[in-house]
Amino acid sequence: AQSVTQLDSQVPVFEEAPVELRCNYSSSVSVYLFWYVQYPNQGLQLLLKYLSGSTLVKGINGFEAEFNKSQTSFHLRKPSVHISDTAEYFCVNKFYFGSGTKLNVKP
Amino acid sequence: DAGVIQSPRHEVTEMGQEVTLRCKPISGHDYLFWYRQTMMRGLELLIYFNNNVPIDDSGMPEDRFSAKMPNASFSTLKIQPSEPRDSAVYFCASRGQENNEQFFGPGTRLTVL
Chain A
1056 AQSVTQLDSQ VPVFEEAPVE LRCNYSSSVS VYLFWYVQYP NQGLQLLLKY
1106 LSGSTLVKGI NGFEAEFNKS QTSFHLRKPS VHISDTAEYF CVNKFYFGSG
1156 TKLNVKP
Chain B
106 DAGVIQSPRH EVTEMGQEVT LRCKPISGHD YLFWYRQTMM RGLELLIYFN
156 NNVPIDDSGM PEDRFSAKMP NASFSTLKIQ PSEPRDSAVY FCASRGQENN
206 EQFFGPGTRL TVL
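Sequence lines, in order, name chains A and B. Position one of the first sequence corresponds to residue 1056 (the numbering used here), numbered consecutively onward. Position one of the second sequence corresponds to residue 106 (the numbering used here), numbered consecutively onward.
No wet-lab data here; the hints were simulated from the structure. Mixed in with the good hints, there may be bad ones.
Straight line, CA to CA, 16 Å or less: simulated EDC-like cross-link-like pairs of lysine to aspartate or glutamate [as the list claims (entries may be wrong)]:
#1 B:Lys173 <-> B:Glu188
#2 A:Lys1104 <-> A:Glu1070
#3 A:Lys1157 <-> A:Glu1070
#4 A:Lys1113 <-> A:Glu1070
#5 B:Lys183 <-> B:Glu116
#6 A:Lys1104 <-> B:Glu203
#7 A:Lys1104 <-> A:Glu1121
#8 A:Lys1157 <-> A:Glu1075
#9 B:Lys183 <-> B:Glu119
#10 A:Lys1104 <-> B:Glu116
#11 A:Lys1149 <-> B:Glu206
#12 A:Lys1104 <-> A:Glu1119
#13 B:Lys173 <-> B:Asp162
#14 A:Lys1149 <-> B:Glu116
#15 A:Lys1149 <-> B:Glu123
#16 A:Lys1124 <-> A:Asp1140
#17 A:Lys1149 <-> B:Glu203
#18 B:Lys183 <-> B:Glu203
These numbers come from a predicted model, not from an experiment.
The following block holds chain B by itself, in its conformation from the complex (with noise of 0.2 Å):
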């Protein structure tokens, strides 16, 4: 397996673009997750989805930010418009029922200009 895919590695954008952050979990796993990491606040959860089904979004920035799942193999996280404070790592990863472990992307560096 290839392991958790996300794209694009490194985004680099304006301030009020818009951003998508893509993401392809490990086959055969029901949990995916979307992760931010900043210097300032370390690693925060933003939502995670369990069988496509949104389950927690407390960790959502504010309304700029949305994620969907259209099927278990796609998961995009978008930013609209998008500000220099969004600037960080973002990671997507992903679980089966089977032993809770989480498996990590490579993330996506995002600046924000």
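The following block holds chain A by itself, in its conformation from the complex (with noise of 0.2 Å):
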């Protein structure tokens, strides 16, 4: 069976500082690694995927996820968030969602 387990349900963060959603996938098979963002009251942009390749993997807006196998996990940073961030953002394995993490950013 597969799942995604988004560790965070919120992350309160200020403009300009650097944020970090994290992020484990379990599967016995091939894997296949998307962020998904959510704006309020809008459907779902993807942010940037993991197929195979390089583990850094960058996406739009500046943000970039690194692919760990070892661990498992597919976390999402940005160095430096701004308000317009402000969203709920969704880990998936395939076509399975994470319980996705609202990233809330303070002026």
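With the hints as a guide, bring the two chains together.
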């Protein structure tokens, strides 16, 4: 069975501070890892994906994530967040979603 | 391409009524997914199709829910009879073979009174 665990349901952070949103996956088969973002009252948009190759993946809006096979993790990072990054972020393995992390960027 | 199209965008109905949600995937995509999003349960995969064939419907809550994909460009999710606990946002997504990325529609916000 495949599952995705997002360890933090909410992450408050001040503007221009770095942020890391944690994600762990479990899978007995190949992984296809994604991060999606959902802005308030909107649909879902792909931030980045890892299918194979380099373990450091860069996405849109300055986000990046690192695939770590030994730790079964795929944490999302941004060195300096903006108010506009306030949204809910979902880690996905294949088409199974984590429970989401709400990022709240404060001025 | 117009992206994934869902209709209606909003639906308000009374308990016991039949509800039909519609989805048009991106042309050329051969996977189609139905998700439900609620505050309590987050995003749940209900069912997905490959080449119009249902592959995994283990997420469908109960017999009141049914989904069909009569052709490559159209799918429906039906709830009959509807109940207040079905109130949620229902998303449709499609995916091609090449890169596993799912493209989501804008969702249908369903309210069952």
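Are Lys1149 of chain A and Glu116 of chain B close enough, with their CA atoms no more than 16 Å apart?
-> violated (30 Å)
Given the hint that Lys1149 of chain A pairs with Glu203 of chain B, does the C-alpha gap stay at or below 16 Å?
-> holds (13 Å)
Could you grab the alpha-carbon distance between Lys173 of chain B and Glu188 of chain B and see if it respects the 16 Å cut-off?
-> violated (20 Å)
For the pair supplied as a hint, Lys1104 of chain A and Glu1121 of chain A, confirm whether the alpha-carbon distance does not exceed 16 Å.
-> With a Cα-Cα distance of about 10 Å, the restraint between Lys1104 of chain A and Glu1121 of chain A holds, given a limit of 16 Å.
Pairwise hint evaluation, Glu119 of chain B against Lys183 of chain B, where the allowed Cα distance is 16 Å at most = holds (15 Å)
Within a Cα-Cα threshold of 16 Å, do Lys1149 of chain A and Glu123 of chain B meet the stated pairing?
-> Not satisfied, since the Cα-Cα distance of roughly 32 Å exceeds 16 Å.
Between Lys1104 of chain A and Glu116 of chain B, is the straight-line Cα distance small enough, at 16 Å or below?
-> violated (33 Å)
Is Lys183 of chain B within 16 Å of Glu116 of chain B, Cα to Cα?
-> With a Cα-Cα distance of about 13 Å, the restraint between Lys183 of chain B and Glu116 of chain B holds, given a limit of 16 Å.
Is the hinted pair Lys1104 of chain A and Glu1119 of chain A satisfied, with a Cα-Cα distance of at most 16 Å?
-> At roughly 9 Å apart (the allowed maximum being 16 Å), Glu1119 of chain A and Lys1104 of chain A satisfy the hint.
With a cut-off of 16 Å on the C-alpha distance, tell me whether Lys1104 of chain A and Glu203 of chain B pass.
-> Within the cut-off at roughly 13 Å; holds.
Decide if the proposed pair is consistent with the structure: Lys1157 of chain A and Glu1075 of chain A, CA atoms, cutoff 16 Å inclusive.
-> holds (12 Å)
Is the Cα-Cα distance between Lys1149 of chain A and Glu206 of chain B 16 Å or less?
-> holds (9 Å)
The structure fails hints 1, 2, 4, 10, 14, 15, 16, 18 (numbered hints given earlier, in ascending order).
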